[in-house]
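Quick note, the sequences are listed as chains A and B, same order. The opening residue of the first sequence carries number 682 in this note's numbering; numbering runs sequentially from there. The opening residue of the second sequence carries number 29 in this note's numbering; numbering runs sequentially from there.
Incorrect hints may have been included.
Said to hold, decoys possible - Here are the simulated lysine-lysine pairs, DSSO-like style, with alpha carbons at most 30 Å apart:
#, chain 1, residue 1, chain 2, residue 2
1, A, LYS981, B, LYS168
2, A, LYS823, A, LYS739
3, A, LYS861, A, LYS873
4, B, LYS168, A, LYS823
To be verified - Computed beta-carbon distance windows for the label pairs:
#, chain 1, residue 1, chain 2, residue 2, range
5, B, GLY137, A, GLU934, 48 to 54 Å
6, A, GLU790, B, ILE170, 45 to 51 Å
7, B, LYS207, A, VAL832, 50 to 56 Å
8, A, GLU821, B, ILE32, 21 to 27 Å
9, B, GLU71, A, GLU765, 38 to 44 Å
10, B, GLY56, A, GLU758, 21 to 27 Å
11, A, GLU765, B, LYS168, 25 to 31 Å
These are computed hints drawn from the structure, not numbers from a lab. All residues carry an ideal CB built from backbone N, CA and C; glycine is no exception.
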Amino acid sequence: MVWILLFYSTGKAVATIQQGGGIKIKTVNTTAITEAVARMSQEANYYLGQDVLEGFQKALDEEISVTGKEILQQLIENANIAREELVPMCQDTGYAVIFVELGQDVRIEGGDFYEAIHEGVRRGYTEGYLRKSIVSHPLERKNTGDNTPAVIHTKIVPGETLRIIIAPKGGGSENMSQIKMLKPADGIEGVKKFVIDTVRAAGPNPCPPIVVGVGIGGTFEKCAQLAKEALLRELGEKSKYPDIAKLEEELFEEINKLGIGPQGLGGKTTALAVNVEIYAAHIASLPVAVNLNCHAARHKETVF
Amino acid sequence: MTQIRLTTPLTDEDVEKLRIGQRVSLNGTIYTGRDAAHKRLVELIAQGKELPFDPKGQVIYYVGPTPAKPGAVIGSAGPTTSYRMDSYAPKLYELGLKASIGKGRRSEGVINALKENKGVYFAAVGGAAALISRSIKSCKVIAYPDLGAEAIHELVVEDFPVIVVNDTLGGDLYDEGIKIYAAK
Numbered sequence: 682m683v684w685i686l687l688f689y690s691t692g693k694a695v696a697t698i699q700q701g702g703g704i705k706i707k708t709v710n711t712t713a714i715t716e717a718v719a720r721m722s723q724e725a726n727y728y729l730g731q732d733v734l735e736g737f738q739k740a741l742d743e744e745i746s747v748t749g750k751e752i753l754q755q756l757i758e759n760a761n762i763a764r765e766e767l768v769p770m771c772q773d774t775g776y777a778v779i780f781v782e783l784g785q786d787v788r789i790e791g792g793d794f795y796e797a798i799h800e801g802v803r804r805g806y807t808e809g810y811l812r813k814s815i816v817s818h819p820l821e822r823k824n825t826g827d828n829t830p831a832v833i834h835t836k837i838v839p840g841e842t843l844r845i846i847i848a849p850k851g852g853g854s855e856n857m858s859q860i861k862m863l864k865p866a867d868g869i870e871g872v873k874k875f876v877i878d879t880v881r882a883a884g885p886n887p888c889p890p891i892v893v894g895v896g897i898g899g900t901f902e903k904c905a906q907l908a909k910e911a912l913l914r915e916l917g918e919k920s921k922y923p924d925i926a927k928l929e930e931e932l933f934e935e936i937n938k939l940g941i942g943p944q945g946l947g948g949k950t951t952a953l954a955v956n957v958e959i960y961a962a963h964i965a966s967l968p969v970a971v972n973l974n975c976h977a978a979r980h981k982e983t984v985f
Numbered sequence: 029m030t031q032i033r034l035t036t037p038l039t040d041e042d043v044e045k046l047r048i049g050q051r052v053s054l055n056g057t058i059y060t061g062r063d064a065a066h067k068r069l070v071e072l073i074a075q076g077k078e079l080p081f082d083p084k085g086q087v088i089y090y091v092g093p094t095p096a097k098p099g100a101v102i103g104s105a106g107p108t109t110s111y112r113m114d115s116y117a118p119k120l121y122e123l124g125l126k127a128s129i130g131k132g133r134r135s136e137g138v139i140n141a142l143k144e145n146k147g148v149y150f151a152a153v154g155g156a157a158a159l160i161s162r163s164i165k166s167c168k169v170i171a172y173p174d175l176g177a178e179a180i181h182e183l184v185v186e187d188f189p190v191i192v193v194n195d196t197l198g199g200d201l202y203d204e205g206i207k208i209y210a211a212k
């Protein structure tokens with residue numbers, strides 16, 4: 682069997698080699714993975730996405746509450762300070778939630794893949810002056826001191842690319858998230874009621890204006906993960922399913938009629954977006970999960 | 029909107045005149061404390077021991093800042109969600125605490141403690157942490173360094189911007205905001 686070296690990039694961090702039969706195998710070194718995760722941990726916390734900034738601006742134009750407008754202006758100013766001074770936009774620099782899409786034709790070399798990610802978080806949070814918000818045991822509650830471990834979700838996909846997304850998740854909005862196993866008879870009205878009730882009950886606590894991630898279907902744990910994945914979407918990007926895109930639109934309008942407003946002090950801008958992800962459900966089940974994100978809707982990605 | 033300028037320590041008269049929705053600019057020394065520090069403070073109170081600072085007339089800011097970069101006074105320092113301190117806060121108001129700063133709703137127990145002990149609850153803008161840090165002029169850990177970001181810090185603030193959410197009369201700005209802006 683003949684192996685042909687096609688190219689190297691970033692030293693020996695990434696290499697693509699072609700097998701005799703035409704299948705490309707890409708090799709990614711764990712050192713490059715650690716470096717990417719460390720860099721993204723900091724970038725996600727310093728640089729708020731353009732989509733969110735545009736969301737603030739649009740909300741500012743439409744908000745009717747004077748206090749609400751003042752708060753939106755402060756959030757824009759805050760994001761600008763964070764970007765210019767390379768400081769975290771929020772003191773809660775989050776639980777490092779990592780989504781991995783691992784191409785089945787990628788080979789990881791140089792050590793333990795997950796340890797490389799944890800090391801990237803450790804380095805990024807320490808060198809970037811980010812807060813260490815993780816306790817090792819949920820009941821003993823001793824801080825690990827370096828924000829590890831990360832929560833890592835891995836998906837194996839066709840192809841020869843490795844995609845790593847980091848979405849640092851704040852505790853305040855995570856605490857206001859809920860999941861419920863509805864009956865199929867509850868239908869779309871039951872789903873809407875649960876989502877709206879969750880946002881209403883959360884009120885000012887998750888730092889509105891929020892991004893609302895909704896999962897519908899799957900099993901208990903799949904549904905929760907769908908809701909989290911829904912938060913990764915760029916603001917303004919709709920569901921690819923027309924009926925679900927319509928549901929997103931209806932939920933967005935209903936939520937912004939609640940009057941909660943920026944920081945819960947009253948106003949039109951309670952949500953910046955509502956994103957819904959769906960999956961096949963059991964004949965007996967209609968699971969719904971609502972994962973709330975504060976206005977610091979942070980995520981960065983690297984593709985090898 | 030006009031701001032009321034207050035300097036710590038606060039008196040009963042300072043807080044009694046405050047009403048929900050008013051903007052306040054705080055000046056002077058304030059103390060930080062979150063879940064873990066509150067747990068320890070309330071344990072000390074239960075044992076009749078001395079606290080790391082006398083709460084009389086003081087203000088507690090619910091915050092766990094990020095580490096300061098070299099040359100900076102403090103890292104980013106926005107408010108955390110206050111309800112997690114609700115089971116501890118009334119004890120501190122009973123000892124003379126005049127105000128707490130955080131974000132989000134307080135329990136009925138805290139709202140009653142504010143009425144009974146002449147105290148207020150302020151909101152700072154959650155997530156505006158880099159902006160808020162600019163009004164913090166000095167910072168030192170005075171207790172529980174083992175808690176890291178959750179240690180009790182003594183801060184000196186200048187024109188620290190807050191909004192009155194719960195006053196000494198039992199008012200709640202979160203309820204009022206929804207009443208005005210919810211679609212009929």
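Verification of the supplied hints:
Taking the CA atoms of LYS981(A) and LYS168(B), the gap is about 34 Å. The hint is violated against a cut of 30 Å. With a CA separation close to 42 Å, the supplied pair LYS823(A) and LYS739(A) exceeds the 30 Å bound. With a C-alpha separation of about 12 Å, the suggested pairing of LYS861(A) with LYS873(A) holds against the 30 Å cut-off. Between LYS168(B) and LYS823(A) the alpha-carbon distance is near 22 Å, which keeps this suggested pair within the 30 Å criterion.
The hinted window of 48 to 54 Å between GLY137(B) and GLU934(A) is violated, with their beta carbons roughly 36 Å apart. Range check, GLU790(A) to ILE170(B): about 49 Å between beta-carbon atoms, so the 45 to 51 Å window is met. The given range of 50 to 56 Å is broken by LYS207(B) and VAL832(A), whose C-beta atoms sit roughly 39 Å from each other. Between GLU821(A) and ILE32(B) the CB atoms are about 44 Å apart, so this pair departs from the stated range of 21 to 27 Å.
For GLU71(B) paired with GLU765(A), a C-beta distance near 43 Å keeps the hint of 38 to 44 Å intact. At roughly 25 Å, the beta carbons of GLY56(B) and GLU758(A) sit within the given window of 21 to 27 Å. Our hint of 25 to 31 Å for GLU765(A) and LYS168(B) holds, since their Cβ atoms are close to 27 Å apart.
Of the numbered hints listed earlier, those contradicted by the structure are 1, 2, 5, 7 and 8.
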